[in-house]
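Engineer: Let chain A serve as the given structure and place chains B and C on it in line with the hints.
Quick note, the sequences are listed as chains A, B and C, same order.
The working numbering puts the first residue of the first sequence at 1, with every later residue one more than the last.
The working numbering puts the first residue of the second sequence at 1001, with every later residue one more than the last.
The working numbering puts the first residue of the third sequence at 2001, with every later residue one more than the last.
For the record, the hints were derived by calculation from the structure and aren't laboratory data.
Treat the hints with care, as some may be off.
DSBU-like cross-link-like pairs, simulated, lysine-lysine; straight-line CA separation at most 30 angstroms [claimed, not checked]:
1) C:K2201 with A:K127
2) B:K1119 with B:K1177
3) B:K1352 with C:K2173
4) B:K1300 with B:K1270
5) B:K1521 with B:K1604
6) A:K104 with C:K2173
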Amino acid sequence: MKNRILLESEQHRDFLEEIAALPEGERVLSCLQCGTCSGTCPAASLMDYAPRQIFAMIRAGMKKDVLGSLTPWMCSSCYECTVKCPAQIKITEIMYALKRAAIKQGLASPDTDVYRFYQHFTDIVSKHGRMNEMLLMMRYMALRHPVAMMSRVPVGMRMMMTGVMQVQPHRVKNADSFQKMVEKAAALEAQQ
Amino acid sequence: MPKKRTPRIGVYVCHCGSNIAGKVDVKAVAATAGRLSDVVVARDYQFMCSEPGQELIRQDIKEHELDGVVVAACSPLMHEKTFRRTCATAGLNHYLMQMANIREQCSWVTEDPAAATDKAKSIISGTVGWVRNLRPLAEREVPVVPAVMVLGGGIAGIQAALQCADAGYKVYLVERKQSVGGHMAMLDKTFPTLDCSACILTPKMVSVGQHPNIELMTYCEVEEVSGYAGNMKIKVRRKATCVDAEKCNGCGICKEKCPAKVPNEFEQGKGERRAIYTLFPQAVPNTPVIDRDNCIFFQKGKCRACEKLCKTGAINYEDQDKIVELDVGAIIIATGHSVFDAKDMPQYGYGKYADVYSSLEFERMVNAGGFTQGHIKTSDGRTPETVGIIHCVGSRDQRYLPHCSEVCCMYSLKFAHLIKEHTGATIYNFYIDMRCVGKGYEEFYDRLLNENIRFVRGKVASVSNEPANGSERDRLVLQVEDTLAGVVRKIPVDMVVLANGLQPQKDAEEVGRLFGISRNKAGFFIEQHPKLNPFGTSNSCIFIAGTCCDPKDIPYAVSQASAAASGAITLLSQGKVLVEAIGAHADDDLCSRCLTCVSICPYKAISYDAELDKTVVDETLCHGCGTCAAGCPAGAIESDNFTQPQILHEIEAILLSDKFMKTDGEEGAKATEDTGTVAGKAAEA
Amino acid sequence: MKYLYYPGCSSKGTSRAYEEALLSVCRKLGVELEEIEDWNCCGATSVVAVNKVLAFTLSARNLALAEPKGKEMMTPCPSCWLMLTKVNMAFHEGVALADKVRQALAAGGLNYGGTVNVHHLLDFLVNVVGLDKVKKAATDSLKGHRIAPYYGCQIVRPYAESDDTYNPQNMEKLIEALGAKVAQFEGKTACCGGALMATRKDDGVEMSRNILKSIKRASPTIVVTPCPLCQLNLELAEFDEKQPWKETELPVLNLAQLVGLGLGLTPKELGLSRSLLPGVEKKIKTAKKDSASLETAQV
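Bound conformation, chain A alone:
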């Protein structure tokens, strides 16, 4: 973290209360800053701020820094932190909430495009009903990460050989009602 002086007027003073008001944020006010979450996180070394620090920053109202961090995107949803937290905070669920908020408010970290992966996934599933890995990889990687894509060719080839590469996207049968359901769900999420 860059050394800087934080002015209260520049911080989002109610950020802590916002997080605490979420259904996931039930116990976040009881955080002792003990550091168990960071200590047990297998992805901590991939993050710019370890989980505990994110919560300290939430308390300080550093909304932009928190939503713009790498942390939620590196979270592997292993739930180790959630299980070991002495204050029983639903840390993993809060990480998901931070992901959603970062996308919604356009504050996601510029240093990673993991959110694009999730968005493509969601789009494919919303349209077709089931995931298609080939389609997803093409959309996510083909243009933006050509090198990474190339590095997966050996694996891709092997998968073709063993017959596990799905080429055709699935079509959900009751497409009409499925679409209506998806749209309603999206609208309800946008409301909150």
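Structural biologist: Below, chains B and C alone, put in the same frame as chain A:
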């Protein structure tokens, strides 16, 4: 027969600052109360419990000849005693004063002010209805037995026993193990002075064993408690020791030669004892005891080595448990605590890896009398080069012990110091907060800071034997976030010592039930008042001290024990105690002798006298709880001032308060200047 | 009794072998399965990161489709199982989210009453089918093999279905019921890094590699995992991109494949050749097994 007067009741509505007045319209409530039948004066005032407030009541009692008082304020638990005294000093029988709780049961729990005001009016109407029909009652004095039972022989129990004994009272010190000493006897050094625990404890243990006023009852357990305040009967089971204390000269040859080996509980299971054993070398009393479950003679009928070798013939296999009855006036509960079992927290590997030790295991290891003779060694006999001490194991954790165990930071610092002194090892203390609040404690922390201990602020996430960078073998690796430096660290150590939290004894529920003491959510005994009476309980003759009410250090335990002792001494020195006047009375004509009341009375105060063919209530045992009245199918037994007509009238007064308003003919209330309404002197009926 | 079967997206794609093996095993054990008609993706992990109501709705649709057909559902994927379980919990607790999901379902002409029990295959085999049944049907095929049980995260955290979060034992029980030995190792519930595999492959592979290191210390002949993603990730960690034809030293099987082997099913029925790693079938046959007289021990 004097003509029955109409009641003359005074109602006092307390503002309680803004506690009541902030929600309830106290003036309107007082005005409405003034319009109730039989209310001759109704006032509102800021703090009724204050001296001027009480003076209002006293003056009114005299001036308006009140024969009933309703104080609408807080809970009776707070001030019933206060206002009873107020009335008594003004010459009104104090059972004719009742409180209407319009705070805890009204203003504090109702959101809408209008609703709260209405509720307050109804409550007061009900209480006035009740007071209309009350009868004067009087407490009885009963003598107090000049003896104290102290339950628990740890440092708190020992201190309490010595103080009561020094004050001249007979003390029964009942301890379920075969020696006094408790947890303090297991410790090596005590923080912050690093006094040797046994050196400061054993003289007190010896005093307790030799004091002429103390009857030391070790290897005993309480089975039954009965009686009433100041006169309690306790049935104690003296477990069979199988060794005659009079004959035993403490030579110890039985312990040496007994062939049966058992894991030593005092050494936390590490190290062995024999089936005939003393708890530890400085045990008081020093008589050994035979552990029948592991004795070869008791299990298989063979051996008898101890009997053969004992030169004084002290062994007695025929020994039986005995029941002894004690009569005491006061009881001090000092049953202590148990330690959190770290097996419940698998992330620390306790029970999985041999070199993860609990706090008590480590105390025994570092103690010169312990299972390694005071040498700090790993399980394979090496001196550790690096040791990790983990604070807050089990404590401050919603899953296990939400509370802070108060002593762990200090004893973890102590461990660090001892390990450094004994081995020169590199030591890490992993903490969340450093809690050093006693006298000399912060200075102790500074001392440790200057002993090159590595302090890491972070709760250890896991202990594993996965090598950190592939090079360490056979070492435990702790993974932790150093929250102050902002990095996650993997630290290999040879030994891990856990600071296990303190929790109630496993049988605290049973003990609570035996003595009628409540426990809080964590299971610790509840004191009479957390701030002003931390050593009393809701029973005026039972006191508590030590870690049975919450985790604490030795100075606090000793202070609390002395406070409990002084409570007991104060009670005993009065020589008498007042028994609550409210009791149950049976109506012979209605009673069908079904004896339901006899079986449901929690205090066993009711019995059936076959000769007289009557149910008889022992007034001294009766607590006036009303269980019998609730259970009687015929309504034949009732509690004083809680009779059916009285209760029904109160209910009616709540639900139909309009019925009880004064009619136009009666003098309405006239407003006075500052303190509410006073009815004109109503004509005597 | 027919059990409802929710395959999950990977069962039709990269984890096709899991479904093949699962169906073969259920046939062998006489368990009747009915695949849920027109099921859709459960929305785990990826969709929750974008839209929580949508993710829960997607899972709820599957439960709504299943409900009229039966009360017991089984799925091979722990992520799907966790997502479906969360939906059930939301419905049982009556939280605001459940309301929103109901509204979305209704827009699609569906409703869910919260009555479907969802089991993961592991719990299904141990507790619904029963260890006794598995033991009776077991052959000698796995005798002498030392099998390392790797659980991964979401099957034990945050909820461990009928098992212990820190030290689960269901797979150990199955392994022993199949007549093989358990090769215990440190970190059997550590995260394989699956969620990072697509976006941060190297980091994810590193996490899986560490787990493999730990597993190899126990010298197993086979690694088994109940999660299709974990199987793929461990294989990826072992896969040599420069020599993709190199035969594997340590086969990684999913739970259905292992159970199928134990019941004497053929490699073809279990899709062993579909593994990312070549030579699985061969390695299992030629593995250095323990002599038959040794009892099951933990390393």
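Engineer: Compare the structure with each hint and give your call.
Structural biologist: Status of each hint after checking the structure:
{"no.": "1", "hint": "C:K2201 with A:K127", "in the structure": "27 angstroms, holds"}
{"no.": "2", "hint": "B:K1119 with B:K1177", "in the structure": "55 angstroms, violated"}
{"no.": "3", "hint": "B:K1352 with C:K2173", "in the structure": "20 angstroms, holds"}
{"no.": "4", "hint": "B:K1300 with B:K1270", "in the structure": "26 angstroms, holds"}
{"no.": "5", "hint": "B:K1521 with B:K1604", "in the structure": "28 angstroms, holds"}
{"no.": "6", "hint": "A:K104 with C:K2173", "in the structure": "46 angstroms, violated"}
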